[in-house]
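**Q** Residue numbers (my numbering), protein chains in the order written: chain A, 768 to 844; chain B, 768 to 844.
Some clues are possibly wrong.
As the list makes no split between identical chains, a pair holds if one copy fits it or if it spans any two.
Keeping only pairs whose Cα atoms sit at most 20 Å apart, straight-line, the calculated EDC-like set for lysine to aspartate or glutamate is [as the list claims (entries may be wrong)]:
#: 1; residue 1: 772; residue 2: 841
#: 2; residue 1: 778; residue 2: 802
#: 3; residue 1: 787; residue 2: 827
#: 4; residue 1: 804; residue 2: 784
#: 5; residue 1: 804; residue 2: 839
#: 6; residue 1: 772; residue 2: 826
#: 7; residue 1: 778; residue 2: 809
#: 8; residue 1: 778; residue 2: 827
#: 9; residue 1: 832; residue 2: 770
#: 10; residue 1: 787; residue 2: 813
#: 11; residue 1: 787; residue 2: 809
#: 12; residue 1: 778; residue 2: 813
#: 13; residue 1: 787; residue 2: 841
#: 14; residue 1: 819; residue 2: 809
#: 15; residue 1: 772; residue 2: 800
#: 16; residue 1: 832; residue 2: 777
#: 17; residue 1: 787; residue 2: 826
No lab work stands behind these hints, which were simulated from the structure alone. Only a predicted model underlies this, so the values are computations on that prediction, with no experimental measurement involved.
Number of protein chains: 2
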Amino acid sequence: MAELKYEITEKIGVLSENAKGWTKELNMVSWNEHEPKYDIREWSPDHSRMGKGVTLSADELAELKELLAGIDLDSFE
Amino acid sequence: MAELKYEITEKIGVLSENAKGWTKELNMVSWNEHEPKYDIREWSPDHSRMGKGVTLSADELAELKELLAGIDLDSFE
Chain A
768 MAELKYEITE KIGVLSENAK GWTKELNMVS WNEHEPKYDI REWSPDHSRM GKGVTLSADE
828 LAELKELLAG IDLDSFE
Chain B
768 MAELKYEITE KIGVLSENAK GWTKELNMVS WNEHEPKYDI REWSPDHSRM GKGVTLSADE
828 LAELKELLAG IDLDSFE
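Generate the whole structure from the sequences, applying the supplied hints.
**A** Right, dumping it as structure tokens:
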């Protein structure tokens with residue numbers, strides 16, 4: 768089975784924690800020793816297991832930041 | 768094969784577009800007719816196919832917004 772190497776190089780923040788202690792986090796993660804990318808993903812309490820997530824380039828995260836800053840989240844509820 | 772019903776109920780913004788025209792987007796998406804959730808994901812040009820992504824609750828997106836507003840993205844480069 769193929770091996771996926773990863774390293775969380777920067778913990779930026781936690782978005783939520785569920786009843787089992789898994790946390791949804793924004794981090795910088797290096798995949799297979801490539802340059803780290805921004806990453807939003809669920810992790811087990813000891814970060815040995817990961818859930819589904821999405822990686823974002825610096826440009827994509829900057830775009831997301833601008834997008835979120837410009838909208839009223841309550842308007843979508 | 769199981770069927771996944773989904774509907775993009777609100778297009779909030781596009782984070783990037785790749786060479787094949789797939790776009791990484793922030794939307795509100797209803798999965799299997801449940802209440803829509805925020806969703807960051809890649810979509811094919813006609814939105815008939817989707818890539819990996821992550822769904823976020825309103826609280827998680829608000830947390831992400833606050834997190835991004837408070838950090839200098841350049842500091843992680």
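**Q** Give a verdict on every hint.
**A** Okay, the hints, checked on the actual structure:
| no. | hint | in the structure |
| --- | --- | --- |
| 1 | 772 / 841 | neither (39 Å within a copy, 25 Å between copies) |
| 2 | 778 / 802 | within (15 Å within a copy, 31 Å between copies) |
| 3 | 787 / 827 | between (30 Å within a copy, 17 Å between copies) |
| 4 | 804 / 784 | between (22 Å within a copy, 17 Å between copies) |
| 5 | 804 / 839 | between (27 Å within a copy, 15 Å between copies) |
| 6 | 772 / 826 | neither (24 Å within a copy, 31 Å between copies) |
| 7 | 778 / 809 | within (13 Å within a copy, 24 Å between copies) |
| 8 | 778 / 827 | both (18 Å within a copy, 16 Å between copies) |
| 9 | 832 / 770 | neither (33 Å within a copy, 33 Å between copies) |
| 10 | 787 / 813 | within (12 Å within a copy, 38 Å between copies) |
| 11 | 787 / 809 | within (11 Å within a copy, 28 Å between copies) |
| 12 | 778 / 813 | within (13 Å within a copy, 35 Å between copies) |
| 13 | 787 / 841 | neither (28 Å within a copy, 34 Å between copies) |
| 14 | 819 / 809 | both (7 Å within a copy, 14 Å between copies) |
| 15 | 772 / 800 | within (7 Å within a copy, 37 Å between copies) |
| 16 | 832 / 777 | both (18 Å within a copy, 18 Å between copies) |
| 17 | 787 / 826 | between (33 Å within a copy, 18 Å between copies) |
In the structure shown, a violation is registered for the earlier hints numbered 1, 6, 9 and 13, in ascending order.
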